[in-house]
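S.K.: As a plain string of letters, each chain reads:
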Amino acid sequence: MIQWAGVVIFLLAVFIAIPGFIAASGRSDLYYTLTSVALLSIASAGVWLTFYIGRINIGQGAFALIGAYVSAVLVTKAGMSFWLSLPLAGLFAAAVAVVIGVPILRLRGVYFAMISLVLTQVVTLTALALPITNGAKGITSIPLPGGVSALGLTLIPDFATLENPRLAFYYAASVLMVLTFAAMYRLVNSRLGHLCRSMQQNEELASSIGVNISYIRVIVFAISSFLGGIGGAMFGSIAQSVYPSSFQVADSVNFMLNCFLGGLGYVFGPMLGTLVLYFGWDLLFELGRFQLLAYSSMLIILMLFLPNGLLSLRLPGKKEADK
Amino acid sequence: MEQILANGIYLGAQYAMIALGLTLIFALMNVLNFAHGQMYVLGGFVTYTFYGQLGWPFVVALLASCITLAVLGALIERFLFAPVIRRSSREESTMLLAAGLAFFFDAVILLVFGEKQRGVPKIVDGVFNWDFRLIMPYDRILICVLAILSIVSFILFMQYSKTGRALRALAQDRTAAQLMGVNVARYSMIGFALGAMLAGLVGGLLVTITGVNLGMGGPTSIKAFMMVMIGGAGVISGAIAGGIILGFLEAIGLAVLSQYGDITYLLIFVSLMLFLAIRPQGLMGKPWG
Chain A
1 MIQWAGVVIF LLAVFIAIPG FIAASGRSDL YYTLTSVALL SIASAGVWLT
51 FYIGRINIGQ GAFALIGAYV SAVLVTKAGM SFWLSLPLAG LFAAAVAVVI
101 GVPILRLRGV YFAMISLVLT QVVTLTALAL PITNGAKGIT SIPLPGGVSA
151 LGLTLIPDFA TLENPRLAFY YAASVLMVLT FAAMYRLVNS RLGHLCRSMQ
201 QNEELASSIG VNISYIRVIV FAISSFLGGI GGAMFGSIAQ SVYPSSFQVA
251 DSVNFMLNCF LGGLGYVFGP MLGTLVLYFG WDLLFELGRF QLLAYSSMLI
301 ILMLFLPNGL LSLRLPGKKE ADK
Chain B
1 MEQILANGIY LGAQYAMIAL GLTLIFALMN VLNFAHGQMY VLGGFVTYTF
51 YGQLGWPFVV ALLASCITLA VLGALIERFL FAPVIRRSSR EESTMLLAAG
101 LAFFFDAVIL LVFGEKQRGV PKIVDGVFNW DFRLIMPYDR ILICVLAILS
151 IVSFILFMQY SKTGRALRAL AQDRTAAQLM GVNVARYSMI GFALGAMLAG
201 LVGGLLVTIT GVNLGMGGPT SIKAFMMVMI GGAGVISGAI AGGIILGFLE
251 AIGLAVLSQY GDITYLLIFV SLMLFLAIRP QGLMGKPWG
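Protein chains in written order, with our numbering: chain A, 1 to 323; chain B, 1 to 289.
The hints are all genuine.
With beta-carbon atoms standing in for the labels, derived distance ranges:
hint	chain 1	residue 1	chain 2	residue 2	range
1	A	8	B	215	46 to 56 Å
2	B	135	A	135	24 to 34 Å
3	A	108	B	185	20 to 30 Å
4	A	79	B	75	50 to 60 Å
5	A	297	B	128	43 to 53 Å
6	A	141	B	57	49 to 59 Å
7	B	185	A	8	44 to 54 Å
Because the hints were derived from the structure by calculation, they are not lab data.
Note that the structure is a prediction, hence the values are computed from the model and not measured.
For each residue, glycine too, the CB sits at the ideal point set by N, CA and C.
Full structure from sequences and hints, please.
M.R.: Here it is in structure tokens:
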């Protein structure tokens with residue numbers, strides 16, 4: 001009962017209270033920040049899922065970049081609707097993840113961490129080398145997402161005709177985020193989730209009692225990359241441009257940090273971690289050139305005192321509302 | 001051909017030194033040091049300050065780099081990594097700490113030294129020219145020789161000194177080493193300091209040739225990760241092999257594929273992935289070591 005109350009409060013806050021607050025205070029720049037948080041937390045959720053099978057994934061930037069490019073190419077070159085290109089971008093990223101994942105998922109621990117870090121660099125270089133991605137110039141002036149209507153009923157309005165596309169993007173990103181985390185919660189508490197936990201603890205043991213570990217880890221990696229692709233595609237659409245430097249190694253590291261900071265044991269960890277890191281970074285903007293110094297010092301201090309993540313610090317009463 | 005080989009040796013020697021420090025830290029503490037590239041840059045800036053700005057002799061500046069980084073490494077191990085390893089429930093938490101440190105160093109370097117590319121005067125002038133088949137400036141040859149000497153002395157140190165033996169025992173089996181009376185906390189600190197010192201030493205050596213700038217840290221870390229993966233994580237001979245292999249691949253790639261642009265690294269990455277698919281632990285690594 002309390003769990004449902006928590007979910008309802010969260011949804012009310014995201015879809016009614018925050019837009020209301022922003023409209024009242026007139027700080028419409030917050031829409032962009034919050035939209036970014038929502039999208040980054042989707043990609044971070046993917047990273048979190050690979051942590052769930054015991055792999056340290058520092059390659060999410062690669063799949064976000066793939067997703068952004070696939071969507072941009074489909075929209076600009078093939079004239080496809082953005083809403084159709086969004087799942088396709090995710091599926092393409094997932095397909096790439098399957099092809100790459102079959103060999104590299106055999107690696108474990110630091111080896112996987114290092115190769116996934118290298119992966120981001122590979123995709124950036126590929127984007128620079130391929131003709132379809134337009135090299136270092138990138139793909140620019142991507143049109144805003146068009147409308148979707150069925151049976152004469154407008155399901156999604158054309159973003160270009162809206163007077164406040166930021167609000168529309170905020171809603172779109174929030175809906176995606178809520179769907180993602182609902183799916184994640186369902187996944188973790190499903191049979192697949194239990195199998196993942198068994199792999200996280202001991203792959204050999206899991207394999208010996210009949211868990212098809214190579215199949216599951218590829219599936220999980222594909223889901224993770226799907227989320228990365230979706231997040232990246234939406235980001236490209238908001239920025240209306242994609243460059244090889246849109247997602248770099250630093251972004252991949254940040255996705256990982258979001259998960260760590262939120263706590264690896266909790267499904268909603270990535271969301272909280274992204275929110276705290278992104279807002280922390282933004283708030284520190286006041287400090288000017290000391291921004292990075294303060295930010296990194298905070299990270300180090302947080303790690304020293306809360307090495308198991310923010311959600312390991314549980315307030316009484318908040319415990320149930322979280323679930 | 002001779003030119004490519006010479007370039008390969010030159011690149012390989014300096015890469016091997018970077019990889020050595022990273023692999024040492026990894027072998028001892030199971031920490032993937034993201035900040036290794038930043039430590040290298042810091043070492044470069046220290047040498048730049050003493051040699052380029054204050055005009056001290058190059059050797060003294062190099063020593064200053066080593067000492068600064070060694071002290072820094074020891075402090076970091078003592079006050080940051082050791083407590084986090086003790087308190088954290090998952091050892092991956094150290095990666096977050098290392099990433100935080102990388103950002104921190106970037107910030108410090110930005111504040112203290114700025115973001116400009118910095119160079120120092122040449123240590124020796126002149127160019128070695130063998131009938132236009134092999135052209136190499138003397139300072140590069142000197143740096144290459146110094147790098148090889150440092151690697152050899154590092155290996156000798158690890159093989160024959162008491163500290164080196166203790167460090168190797170620690171890398172092999174922490175618990176067993178502790179039972180044999182090795183002071184684990186102390187030698188972890190020494191090992192981390194040594195790894196950081198190696199990074200500082202390479203930084204100091206290379207500042208005379210390539211100069212140094214803030215943005216070099218991240219790419220250097222990535223290259224070091226690649227070398228460690230080629231050779232096998234936590235194995236000293238592997239790090240050297242990985243460094244030399246990457247150095248040669250880069251030298252050959254840049255010479256043969258230069259007309260295709262940035263494709264060398266793409267090919268290296270792809271072949272690395274194929275290689276790791278066949279041999280996940282690298283050339284000399286223990287499986288899942």
